[in-house]
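Let chain A serve as the given structure and place chain B on it in line with the hints.
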Amino acid sequence: MVETTASDRMTTSLAPQSRLAERLAALRNTMSAWWFLLPAIVFFVGYQVYPIFRVLWISFTDYEFLSSDPAQFVGFANYITALNDPLMWASLWRAALFTLMFLPGTIILPLLLAILIDKVTNAKLATFYRVVLLIPAVIPSTLVFVLWKWMYNYQVGPINHFLVDVTGLFTLQNAPQWLGGTPLTLPAIAVMEWWWGLGYHTIFFLAGLAAIPKDLPEAARIDGASEWKIFWHITRPALAPIMMILVVLRFGSAMAVIDEYLIFGGFNRDTPTYTWTIFMYDQAFKLGLWRQGFAAAIGMIGALGMMVVMVILIRIFRPKG
Amino acid sequence: MKIRKEEEYLVQDALARQLRQGRIDRREFLTRSLAAGLGLAGVGAAVKGGIGSARAQDRPLTPTFYQWIQDLHPSIPKVNEKFPDINYQIAPVEGFGIERFVAEAKNKESTWDVYVGQTPFVEMTAMKEAGVIEPWDDYIPKDVLDDMIPSIRAENTIDGKLYGWPFFLDVIGNSWHSGLTTKAGLPDAAPATWDEHLANAKKIMDSGTAPFGATFDSHGWRSLAPFAHSMSSNVYTSEGLFDFTSDAAVEALKLMKSIMAVSHPDILLEGASDGGVNGTPDEVAFAAQRVGYFTKYFNAPLRMAQNWDDQKALHLGPLPKFANGEGSTVFWTTGSALFKHGKNKEKAAEYIKALTYDAQIWKDSIAGTETSHPGQLPPYKSIYAEWEAKKPDWMPDFVSLVRGQLDKAKAINNHIFGLQQFVIGKPIWETFLKGEEADPKAALQKVVDAVQAEMKRGK
Chain A
1 MVETTASDRM
11 TTSLAPQSRL
21 AERLAALRNT
31 MSAWWFLLPA
41 IVFFVGYQVY
51 PIFRVLWISF
61 TDYEFLSSDP
71 AQFVGFANYI
81 TALNDPLMWA
91 SLWRAALFTL
101 MFLPGTIILP
111 LLLAILIDKV
121 TNAKLATFYR
131 VVLLIPAVIP
141 STLVFVLWKW
151 MYNYQVGPIN
161 HFLVDVTGLF
171 TLQNAPQWLG
181 GTPLTLPAIA
191 VMEWWWGLGY
201 HTIFFLAGLA
211 AIPKDLPEAA
221 RIDGASEWKI
231 FWHITRPALA
241 PIMMILVVLR
251 FGSAMAVIDE
261 YLIFGGFNRD
271 TPTYTWTIFM
281 YDQAFKLGLW
291 RQGFAAAIGM
301 IGALGMMVVM
311 VILIRIFRPK
321 G
Chain B
1 MKIRKEEEYL
11 VQDALARQLR
21 QGRIDRREFL
31 TRSLAAGLGL
41 AGVGAAVKGG
51 IGSARAQDRP
61 LTPTFYQWIQ
71 DLHPSIPKVN
81 EKFPDINYQI
91 APVEGFGIER
101 FVAEAKNKES
111 TWDVYVGQTP
121 FVEMTAMKEA
131 GVIEPWDDYI
141 PKDVLDDMIP
151 SIRAENTIDG
161 KLYGWPFFLD
171 VIGNSWHSGL
181 TTKAGLPDAA
191 PATWDEHLAN
201 AKKIMDSGTA
211 PFGATFDSHG
221 WRSLAPFAHS
231 MSSNVYTSEG
241 LFDFTSDAAV
251 EALKLMKSIM
261 AVSHPDILLE
271 GASDGGVNGT
281 PDEVAFAAQR
291 VGYFTKYFNA
301 PLRMAQNWDD
311 QKALHLGPLP
321 KFANGEGSTV
331 FWTTGSALFK
341 HGKNKEKAAE
351 YIKALTYDAQ
361 IWKDSIAGTE
371 TSHPGQLPPY
381 KSIYAEWEAK
391 KPDWMPDFVS
401 LVRGQLDKAK
411 AINNHIFGLQ
421 QFVIGKPIWE
431 TFLKGEEADP
441 KAALQKVVDA
451 VQAEMKRGK
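Protein chains in written order, with this note's numbering: chain A, 1 to 321; chain B, 1 to 459.
Chain B extracted, bound-state conformation:
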């Protein structure tokens, strides 16, 4: 009974405070007071507020993580131990579903304080537009902000404000099965150009070393966009969409067709999970050691090579470039979003800083553990500088190669259709890849038309 009274007092007090601060109106106060079981006496005594928010004022720091982050990074619980009161949770966001976050934001409340799992080009604009998240600028320490690699900071920024605190960096690069390339008489080095990449892939097939020479993931943000970036990263329209009819995009599409000639016939098929996004045919081929070269974010070949007898045969390098190309690639980070209606914001910043600078997390990610080897890299300059000054014995060479690319790499622009433009366009540009459309630019123009039509549908 005493506990109950104390709770009621806390709720009353919090409700009154929220009303005075103008964060809730009288109607909302009445509703929440009654819902909290305060009764009319409580209502009259306090004045106005909300049970969810009221309890949240006094709740511990409550972060929520996308499941895969916990699965791939087993050191996160060790960081949590430094925050004894933390209420660590897994987010209900299977398949990047943010419905729960949006529904709560519409009620001006949030069960959680910070979400770890946001990929800017996929969902950041939507979360901002729906009023789910607020910028980190008022909470992130300046030294952390200055420590971010500029391109990564730009990726997480909308209208000059930082809506994402980057954590895990994924970069599209090249990888190869050195056992197969060596057997085919090829040098054990990353092909510098796409021409070299194609010639090597053909040699693998012609020599009978493996049935397929090279592969890629046919989803546009993992192939068309990075291949285009390798020629020029200036491939975005004034409204922020991917410029499908740019020369770089056209060349990228032609390159995809060339690689298909030395690849497995099911390369364009959708994947096995996450609505066709993961478990893709390229991953299956690389895991089965049936293909020499594999262009994708490094997490993929590292995971697939775990099926090999000799995992050391996996070698990683930067994405090849066109002969006169810029040599850029696509990267994205998965980071943290600050809930607008969450609590403990200063504490959340403190926690995310501890997470993103944790040395053990980075070692596990890059060198791998018994359970996982994500190969995701940190977003801070200082960490790379430290490694460069004194290279750890567990550090593979690909890290410095990727770091070098990051100065030229560019993320896909943030836009409400940032990801979906590629989903809409895929079947259309594939008409060229399948030989149904002879002109790549014509196919890509149809993609532009389809994306514009889809955007206008809601107007």
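So here's chain A without its partners, still in its complex pose:
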């Protein structure tokens, strides 16, 4: 038999009270944590979750913005109509085509440029390069569009002026038509986007390069590694997380481009700029009584498709090891 001491008895008798106090303290801590989280939760639910579910709900109705009739639940009818519409597939393909043109220039060019700038040893010169590169990124979008619209203008733009009046490679009758729905429109917009994002993306890679310890490439060089091997085995793996982020983010923004298409293309359904985003906008704000139920279904299909590709991209570009 084990005898209990007074101290033990006291502990035993106080234990339930102590546990209760602990629980209350934990609850208080939890509650205070929830209070701190509340603004973020309100923002997240109100700004992100609610709109998504609202649009999802609309996509299952025949909601027309201009109609005074109440919206009726139509199940998957909008999705079936959209998926059976050749324009849906054509417009998705056009967006994908643009993304294929856009992504390589958005990743590879800034990467190369970042490696070059990283090698500049003069601090003032390196700062100068960084500032110059960032200039396009701080120009307002309206000005960028006006500038490039003028650059690409068929009749009076500097590019065609160079091709027609300076070099004589073309005449006014057969000069390239850069914008407005020709096959050159998507590459032309992609080039503009490369220019626009060059500095911004380069800064991402410069940040990644700054995190690589300098003795690693130096040691490799001493061991006789070529610059290519240094890039492939040291720089590239170190930049892999940044590359993954850029690829995924830029894939999303390229697939969902709309402003550029509205400004450089319009609503001509045969043009390469009539992508699924324009199709959705056209249905939601232009045609008939503004079929926003159908437009929401188009949006959901596009968004789901993008999410699937994004998951694949994350798996491909995820840093190994």
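The set of hints was computed from the structure by calculation and includes no laboratory data.
Just so you know, even glycine gets a beta-carbon here, dropped at the ideal spot from N, CA and C.
Covered stretches of chain A, as calculated for chain B (at least 3 residues, CB under 8 angstroms):
#, stretch
1, 150-158
2, 166-177
3, 264-274
List time: in silico BS3-like cross-link candidates among lysine-lysine, alpha-carbon distance up to 27 angstroms:
#, chain 1, residue 1, chain 2, residue 2
4, B, K434, B, K203
5, B, K347, B, K381
6, B, K390, B, K353
7, B, K363, B, K312
8, A, K286, B, K340
9, B, K363, B, K390
10, B, K345, B, K78
11, A, K286, B, K456
12, B, K353, B, K363
13, B, K390, B, K312
14, B, K312, B, K202
15, B, K446, A, K286
16, B, K441, B, K254
17, B, K347, B, K108
18, B, K108, A, K286
19, A, K149, B, K434
20, B, K106, A, K286
21, B, K353, B, K82
22, B, K347, B, K82
23, B, K161, A, K286
24, B, K254, B, K408
For chain B alone, kept in the frame of chain A given last:
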């Protein structure tokens, strides 16, 4: 504190009045009362109503304008000075977006009383269908109604009711660079027929005077429709859509192809702004003095010629016609819509009458100012009659030419697809213009099919 109490009293009073008149229900009253901060005491005392509407009852006349109207017509503020309490605003309608108006109408309220910027064939049917606007008939003076040019009054009418009070008239006509035409040895006069127009354009190119002879805006409501009207304005189906397979439409499409042979290769490209509607290649070519003839609403050549060294070289005339054609054209007005849930409706009518009859606005529009030269014309018979009786010294000749055309001109029918039918059809009829489809009627039949399919999509 005292001000606050007075406001509450006003709100209570207005809410009670609205409830008694049956304009709001009890639920809406409760919601709005609480939103107004009246509290339950206020709710119990008043009975039912809405803060937005309540304040609106006592608000000043609140018109809202499409931005471009203010930009192109600098005399509007002078008219506003005659209405001291006016709350003049610019409308949130960039790119003809009417979402805000519709959203407010669904809540049975309106921030504004009258919208100045409505183009009937573009948006009037949609505004009516969405319950945003109501007819002017109960408010517009009879003498004003009778003074409207009949075709313009018809344009602004749906089911016998006037849903738009016309203001600025745009007419599709012809214009030419007289410096280029004279240099090419052509008479300084508007070509009477399309054949003459094409022959002159070819001569400009052949003589090397300019790289291009003629141009047009490839958007259907600015080319296909007016060209068709120049043969016959009877080109609308029983349901109110443009009859794309009519003989006139087919001839118009063939004419577009003929003009393209003497025009700049980028003529079919979309424009530079407003979703591809403005800043079009035809405007660029005319502004750069690279083309002789230009068919579009007069506002366009007048604006483009402001880039020329010698702006007097711009001459304007009516649209040419087919040899056996009717000689009509397309016009549209930009006017005012009366918000169904707006206030101050009598005052709004008084204001719009003052605006639309203001002599300075018309002088500035036609003769131009330092900042703009829109060339838009008035919608009233009496104004033209006055000018005809005593021609002002600033009056250019094209005004009487246009007035003459107005007796034959026709607006594009009002329809929910009034504008969009041309947007849907453009890439399809362009297959003929680009040589991908040999038969113009076959291309236009596909347009009909596509428009019908789009209309059925929502059914």
